[in-house]
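Novice: In order, the protein sequence lines correspond to chains A and B.
As numbered in full-length UniProt numbering, the first sequence has no gaps in its residue numbers, which increase by one up to the final residue, 492.
As numbered in full-length UniProt numbering, the second sequence has no gaps in its residue numbers, which increase by one up to the final residue, 475.
Note that these hints are calculated values from the structure, not bench results.
A virtual CB, placed ideally from N, CA and C, is assigned to each residue, including glycine.
Don't take every hint at face value.
[What the hints assert, rightly or not] Which bits of chain B does chain A cover? Going by a derived footprint, with three or more residues having C-beta under 8 Å, they are:
#1 112-119
#2 236-246
#3 429-435
[Said to hold, decoys possible] Taking lysine-lysine pairs in the DSBU-like style, the calculated list, with each CA pair at most 30 Å apart, reads:
#4 B:K234 x A:K461
#5 A:K396 x B:K439
#6 A:K461 x B:K194
#7 A:K396 x B:K402
#8 A:K331 x A:K303
#9 A:K461 x B:K277
[Unchecked claim] Per label pair, the in silico range of CB-to-CB distance:
#10 B:E102 x A:P41: 54 to 64 Å
#11 A:D324 x B:Y427: 45 to 55 Å
#12 B:G84 x A:L35: 50 to 60 Å
#13 A:F458 x B:D218: 22 to 32 Å
#14 A:T430 x B:K391: 43 to 53 Å
#15 B:Y427 x A:Y426: 10 to 20 Å
#16 A:K187 x B:K131: 35 to 45 Å
#17 A:K293 x B:K131: 11 to 21 Å
#18 B:S43 x A:P276: 52 to 62 Å
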Amino acid sequence: MAGSALWFFLLLAAALAGRATALWPWPQYIQTSDLRYPIFPHNFQFQYHVSSAAQPGCSVLDEAFQRYRDLLFGSDFWHRPDPAEKQHTLEINSLVIHVATPGCDQLPSLESAENYTLTINDEQNFLFSETVWGALRGLETFSQLVWRSPEGTDVMAYSKFNVFHWHMVDDPSFPYESFTFPELTRKGSYNPATHIYTAQDVKEVIEYARLRGIRVLVEFDTPGHTQSWGPGAPGLLTPCYSGSQPSGTFGPVNPILNSTYEFMSTFFLEVSSVFPDFYLHLGGDEVDFSCWKSNPDIQDFMKKKGFGNDFKKLESFYIQTLLDIVSAYGKGYVVWQEVFDNKVKVRPDTIIQVWREEAPVSYMKELELVTNASFRALLSAPWYLNHITYGPDWEKVYMVEPLAFDGTPEQKALVIGGEACMWGEYVDSTNLVPRLWPRAGAVAERLWSSKLVTNLDFASKRLADFRCELLRRGIQAQPLNVGYCEQEFEET
Amino acid sequence: MEQRGWGLPRLLGLLALLAVQVPRSSASSYMGLWPLPLSVEMSPRLLRLSPENFHIGHDSSSTAGPSCTILQEAFRRYYDYIFGFYKWHRGPAKSHAAPELEQLLVSVVLDSQCNAFPNVSSDESYSLLVKGPVAILKANRVWGVLRGLETFSQLIYQDSYGTFTINESNIVDSPRFPHRGILIDTARHYLPVKTILKTLDAMAFNKFNVLHWHIVDDQSFPYQSITFPQLSNKGSYSLSHVYTPNDVRIVIEYARLRGIRVIPEFDTPGHAQSWGKGQKDLLTPCYHGHTQSGTFGPINPILNTTYSFLSKFFNEISTVFPDHFIHLGGDEVEFQCWESNPDIQKFMQQKGFGTDFKKLEVFYIQKLFNIISTVNKGSIVWQEVFDNNVKLQPGVVVQVWKYGDYAKEQSRVTAEGFPVLLSAPWYLDYISYGQDWVKYYNVEPLDFDGLGQVLLVRDSGVVKMSEAHRMPTRD
Chain A
1 MAGSALWFFL LLAAALAGRA TALWPWPQYI QTSDLRYPIF PHNFQFQYHV
51 SSAAQPGCSV LDEAFQRYRD LLFGSDFWHR PDPAEKQHTL EINSLVIHVA
101 TPGCDQLPSL ESAENYTLTI NDEQNFLFSE TVWGALRGLE TFSQLVWRSP
151 EGTDVMAYSK FNVFHWHMVD DPSFPYESFT FPELTRKGSY NPATHIYTAQ
201 DVKEVIEYAR LRGIRVLVEF DTPGHTQSWG PGAPGLLTPC YSGSQPSGTF
251 GPVNPILNST YEFMSTFFLE VSSVFPDFYL HLGGDEVDFS CWKSNPDIQD
301 FMKKKGFGND FKKLESFYIQ TLLDIVSAYG KGYVVWQEVF DNKVKVRPDT
351 IIQVWREEAP VSYMKELELV TNASFRALLS APWYLNHITY GPDWEKVYMV
401 EPLAFDGTPE QKALVIGGEA CMWGEYVDST NLVPRLWPRA GAVAERLWSS
451 KLVTNLDFAS KRLADFRCEL LRRGIQAQPL NVGYCEQEFE ET
Chain B
1 MEQRGWGLPR LLGLLALLAV QVPRSSASSY MGLWPLPLSV EMSPRLLRLS
51 PENFHIGHDS SSTAGPSCTI LQEAFRRYYD YIFGFYKWHR GPAKSHAAPE
101 LEQLLVSVVL DSQCNAFPNV SSDESYSLLV KGPVAILKAN RVWGVLRGLE
151 TFSQLIYQDS YGTFTINESN IVDSPRFPHR GILIDTARHY LPVKTILKTL
201 DAMAFNKFNV LHWHIVDDQS FPYQSITFPQ LSNKGSYSLS HVYTPNDVRI
251 VIEYARLRGI RVIPEFDTPG HAQSWGKGQK DLLTPCYHGH TQSGTFGPIN
301 PILNTTYSFL SKFFNEISTV FPDHFIHLGG DEVEFQCWES NPDIQKFMQQ
351 KGFGTDFKKL EVFYIQKLFN IISTVNKGSI VWQEVFDNNV KLQPGVVVQV
401 WKYGDYAKEQ SRVTAEGFPV LLSAPWYLDY ISYGQDWVKY YNVEPLDFDG
451 LGQVLLVRDS GVVKMSEAHR MPTRD
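Bound-form chain B, shown alone (with noise of 0.2 Å):
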């Protein structure tokens, strides 16, 4: 109604730019592929499926066999998905004039990880060859062939008559970055498991393979801990906003069946009043003077009962979780509490740390880092870990949010050798008018400066998450 200025011109003007990148060919069969494989070969000579007769099913080479369920579950899936939902056309089988596309055979390489979590190292390559009458999809691991599934489901379409269509075509693809996650906070507003599944669905259509389940933090408690119930039993909004060991359970397979991780963040010392409604003590009683004023601030870093707390604690999410990493927050931690508070002052004294906070909240996250080894498990940290000279150990990851002059802070963390995430700019939740998917898109995640810092380090776990000025295949 208002300005059009962004309307038909833009939007024309978009068109064209797309139109010029896209190799001509079959227009539709282009269409619908997302996100662009990294090498796309397509014929003009086209195959047609039958739903009756067409089926996906192993390879006789294959290391993986009818035994593996995270593929049996995925051909049933990517079944339903190519056929299940568009119109069916009950015609002879054979009255087209195109040769039919009769099989998908799947083939994995290397020993399959069939029955394992995936992880960051995990290789989602796969190569995908279209051609009657039996099409070939080969992949290292299982990982590669769920995103190969994927591609293929996205290249058949219906033609006017209701045939289902598929182009030949040569597909190679593999990930340009290995971690590409999605948050959701379960904390703020509770989302139901369905609504999860759902994500992880949709996260599955665009080849995203990390669930970043921030899944606490100070408006409520909704993880319900088994050796420490009263956490969510006092925590939660309600008894019925509340995730169950089998609703943790359901979601971490749902995913493993799609090829993504789960990433639990259980955020600490500050975004953690919910933690304090059931657990006495674990939170800093702020002061009013002399007095406490009767409100909690950030986990009281000074007591043992907090660090046995935490030990307990996360001893659980280790056994819970199956992902090598975990993701334990340690942003916005605020100082106000713990500088009101008289123990802490003494403490303070006492360590030599001044009147420097940070040196209290580099106290309490070492300690918790230590904590997280002991259970043999990787760690997530937001950027102020960082910035706040937390020694951290080779391989913690440090997630960049901040979106003032991002890049440099991606220059900074990777050049101490960390590996980052890259969140900073792709705050999705910052709704606003008109077509913002473009801003996002635009994001080039390694225009930073770092040049010499490529560290391509494949060893204990350790991998490179961001490449500096090393020019991609892909570009």
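Just chain A, same shape as in the assembly (with noise of 0.2 Å):
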């Protein structure tokens, strides 16, 4: 198979050596010839076919054949191809849709199939999938093989990204709009009339997610980074103490106290309402253990419970406490690795995030060790987006490997992804879309496309055309190189 792939790759190469296929990421298998076949836009049409199981009135469908139609033929003019190029008298005037099996009013989930067979040649212009998941994932790689003229948010299907993890609230601030306890919300949010996550918000994003295929995985992070929970949840966080003072500062959640758990209980029941993805994140990185240690009730807490001077011990108990709370409603679980490094007991279907680059080891050790301990696996360590420097580190987010480590072909099985994070610090609505993209499509690739797409030279000119076409559908993807495209960012 690698044999072929790289004939293939020379000859897609060749096709398009003269004009580039803003191709991204690169498919798993692809074919081409150098036939052309004209679209005009007044002829076209998505179509489902007569056997699919989506069929007319499948909302994630419709929408996105509107949503194709857009990008495809928003703007005025068609494209006129080169004469002197081989041209086919055929015009393509319909994309046929076969969907396998139903589900287009569910939610995308880990295990959907998003498998696609996209076919164009002169008997037929075919797009088949399992799901409606692989239609959508078929419809951009279609919209992609489509030059057209010079003409979204979408941004993230255009990458074919398929999970929307939500930090939600942090130290700073508590936007979150919680039902069960508005004080949360009132006393948390930077300002409560303003910045804001309303319920109508969230149902909103999570079913644009949905249209797009994309899973919203939200995390509500505790017991550390939770600052922002004290103001309206007097009594959940730490007190922590100057010698036998309360020192008037808090720290991480109090583990010891029956309320903490009645509270966690009430709030993740809502949480479970509102978010319908099977998994939610709990968070539990980066606890700092001494406000815990500077408290005498949690002092005497430890040597009731036996646990001497080991906090992780501590953590460890609250961690399986909300474990246990967060499997009652029926949801899987996504930590971050502390969880596992600090040898919380948690059950064997929870999900592992990696995040860390060097300590306690490398990330690429942590994914040998948590897949040997039979966990699944989710990288980020070497995909913090938020940690800019100058020049072109994309090449270094694309040549991670998240395979790369020691271990069985059943090991290497449960890292099921990974995630390029956008931490907050320093990025808001100014600048989050530069700072994401391009930069995010190299993580894209490198987690959709085979092991063996990794040539620099190959991928630089691809993404380089990939993210003139982010520019043209309206996203304000920042330059990889020196260079420019057909169509500039403009301020209005």
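Put the complex together from the two separate chains, hints included.
Specialist: Right, dumping it as structure tokens:
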């Protein structure tokens, strides 16, 4: 397979030598000739195959057809191909979509099949997929194969990303509008009138994502990273002590009180009902033990429990109770690697997210350890895109091979994917889009395409073209290197 | 997410530091003042402004009046900045207890220079007295008025009822350095005109007063020359990635209305690959042994055609760009191509330059300087020109950009009596994670050895641009 993959690469490269196709990420298997078919906008339509499980009324695909029509034909004129090129008299006036299994009104899940086959030739223009989610991936690829002339936040779908990990709250603010604990938002948000996500906002995001085959994985990070929960939930956080007196500051969630677990129980009941994905991210990272250490009640508790001086055991105690609460609601969970590193006893179906580059071990070693313990893993450590530096850092991102650790094939199968992270300390709506794109594209290809697709020259040209395509689609993606796009981003 | 070492404690420390520096007064009224004026006296007494009532006008004693476009445009612009983007509250006008500020009167003291272009010695000083019912903005020239209007707009805020409020205050202000610029590079990436104009707006908000337009380079030549149209026809990224004469005019006038000079940089003899596309025989053909390799190097310094081209070209530039100065570049000249070229080797022998190609570079730059003098313009060059011992006329400005030991370079240049522009520690394109603005802020431009090198020469356009170890009043 490796041999033929290379051959197809060359064939396609030759075909594309004259014009660049912004095909990103690279499909698993692609065979192409230099035959070209014209598409006339007023003639073209997306169609459901008569025996497709998805039919008109399937909102995910109906909406997608509209969206891709706009993307393809939104601009007014149609680029005239070079008359010197071989041109076919047959035009493409439809793309027929056949989805094998129903599921149009459902949500995508971790197990959703996203494969598709796209066939364009003299006899047929046909997109076949197992599920509607695969059809979406195929439509995206189709749109990238069509050149058109020069005219969204759909950019994740353009790169075939399929999970939006929403790190919803943290120390500095609590923008999530809770209906069980409205005080959390009122006291914890930057501004409860303007800087909040209402229930309606959340619903809209989830549906917008669903129509693009994107899951929403929400994270409510505890017991650390919870300063903003304190004002709206008095007694939730641990009061720190200065000697024998409370210092006035607060630390992580207080793990020794029953009220804490009653609170979490009620809170996560709400979260489980609002967020339909099977998984919730429960955080568990960077728990600072100093406040716990200083608190006399906690010291007593540690003695009673026989934890000695090992606060990892206290952390473990908290997390285990929390995981039990969340499992009772029929949810699965993802946690940051500290939960694993600190030997918290978690269920075998827990997903561990590896984010630390060097400590306690290199991230490759961590993947090995996590999968060796039979847990599934998500890789983020080398993909912290908020860590900006001068130059083409996308190359380093692109060259990461998530399975390059010592392990059995079964172990490697436990690495279910990864996430590009854009933490928000220095990022807001002024710079989120340029900082994320097209660099995240490098991660997108690594997670979608074959492990053999690693040639930087091939990637560089294609990614630059893909970036221009993003610009054309209204995404303010920053440049990768010196150069230009036909249509530059213009200030309004 | 990751190590939070940078986060909250560091930020609190920083805020504590700032709090100490800022005099105690109405906290909100000190916020938003950027850059900090030379002297600010703020009283806690508040005045309110009503959008329907308030207006900016010319004092009767002013040397400028309604015919002064630069001020008329500014009055309109600043009214908009103050009132335009806020949420309007339609309350009864006089229900508030605080007295009203009804007017800002602008008074230009000396000949206004209303229709002039700003230059390096332009007087940007102003004084602003904010008291009810009429505030006074006084300046020697229109340039000071522009700076003062910006400061005035930064003093106004809306209280929690939405009332436009300002503290009674007295501000006297002038810049520490006369050349405060931003360099943009439209060769590596084309910047649409709108982007350049937006940059000029933001510059004015920050009281920057020079747009250093690095307009062409190796990668592309977007400047549409009237004398040599093929330069951009063949050298731009595409025919739409071009700055027409009209585009250039728009930028220059937009800048002028904000008191900003536009200094174009046409960087030679290196960084000129794109020039060769539309101008045959301008660049040096490189050689592989005895045959041409097909590639080209810096501008060919031995041909007469080179200098007749440059003469005509810079003649055009001198008419298109009104600023007295043109930036000639002169950085990073690579010698290998010159070395490889047999005609150049012969020339080197003839001239007695031996194998010292710096001498050839010097030869070129000196002829270029002569061309620039002929068109009565001043020159700015990158530091290599100084470092390579080019004979610089007095008044040539040297721009220090190499980071290693830049303070020493500043000493060396000023010791020879040349004005210096400092850029080395301020390469904002070198992004990094975190609050890098702090290290830019902490740069002290006069932190170099140069006792006794005070050069305050203000005649025939030669101006001091860096003072050596004289205690500026602001420290």
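Novice: Against each hint, give a clear statement of whether it holds in the structure.
Specialist: Taking the hints in turn, this is what the structure says about them:
For the stretch 112-119 of chain B, the proposed coverage by chain A is not satisfied: 0 residues have a C-beta within less than 8 Å of a C-beta in that chain, short of the threshold of three. With a threshold of 8 Å between beta carbons, the proposed coverage of the stretch 236-246 of chain B by chain A holds, since 4 of its residues qualify and at least three are required. Figure legend: the stretch 429-435 of chain B, annotated as covered by chain A; annotation consistent (7 residues with Cβ-Cβ distances under 8 Å, at least 3 required). Annotation: proposed proximity of K234 (chain B) to K461 (chain A) holds, straight-line Cα distance about 23 Å (limit 30 Å).
Of the pairs offered as hints, the one joining K396 (chain A) and K439 (chain B) holds, with about 27 Å between alpha carbons and a cut-off of 30 Å not exceeded. The suggested pairing of K461 (chain A) with K194 (chain B) holds, with an alpha-carbon distance near 28 Å, which does not exceed 30 Å. For the proposed pair K396 (chain A) and K402 (chain B), the alpha carbon gap of about 27 Å is at most 30 Å, so the pair holds. Straight-line distance between C-alpha atoms of K331 (chain A) and K303 (chain A) comes to about 33 Å, which puts the hinted pair past the 30 Å bound.
Restraint check for K461 (chain A) and K277 (chain B): satisfied, since their Cα atoms lie roughly 23 Å apart, inside the 30 Å limit. Hint check: E102 (chain B) to P41 (chain A), Cβ distance near 59 Å, so the stated range 54 to 64 Å holds. Take D324 (chain A) and Y427 (chain B): their Cβ atoms lie about 54 Å apart, and the range 45 to 55 Å holds. Between G84 (chain B) and L35 (chain A) the Cβ separation comes to about 57 Å, which falls inside the hinted range of 50 to 60 Å.
Roughly 25 Å separates the CB atoms of F458 (chain A) and D218 (chain B), a value that falls within the hinted 22 to 32 Å. Against the hinted window of 43 to 53 Å, the Cβ-Cβ separation of T430 (chain A) and K391 (chain B) comes to about 48 Å, which satisfies the hint. The beta-carbon spacing between Y427 (chain B) and Y426 (chain A), approximately 19 Å, falls within the hinted interval of 10 to 20 Å. Look at K187 (chain A) against K131 (chain B): about 41 Å separates their beta carbons, and that is inside 35 to 45 Å.
A hinted range of 11 to 21 Å for the beta carbons of K293 (chain A) and K131 (chain B) is inconsistent with their spacing of about 57 Å. Here the CB-CB span from S43 (chain B) to P276 (chain A) is close to 58 Å, well matched to the stated 52 to 62 Å.
Checked against the numbered hints given earlier, this structure breaks hints 1, 8, 17; the rest are met.
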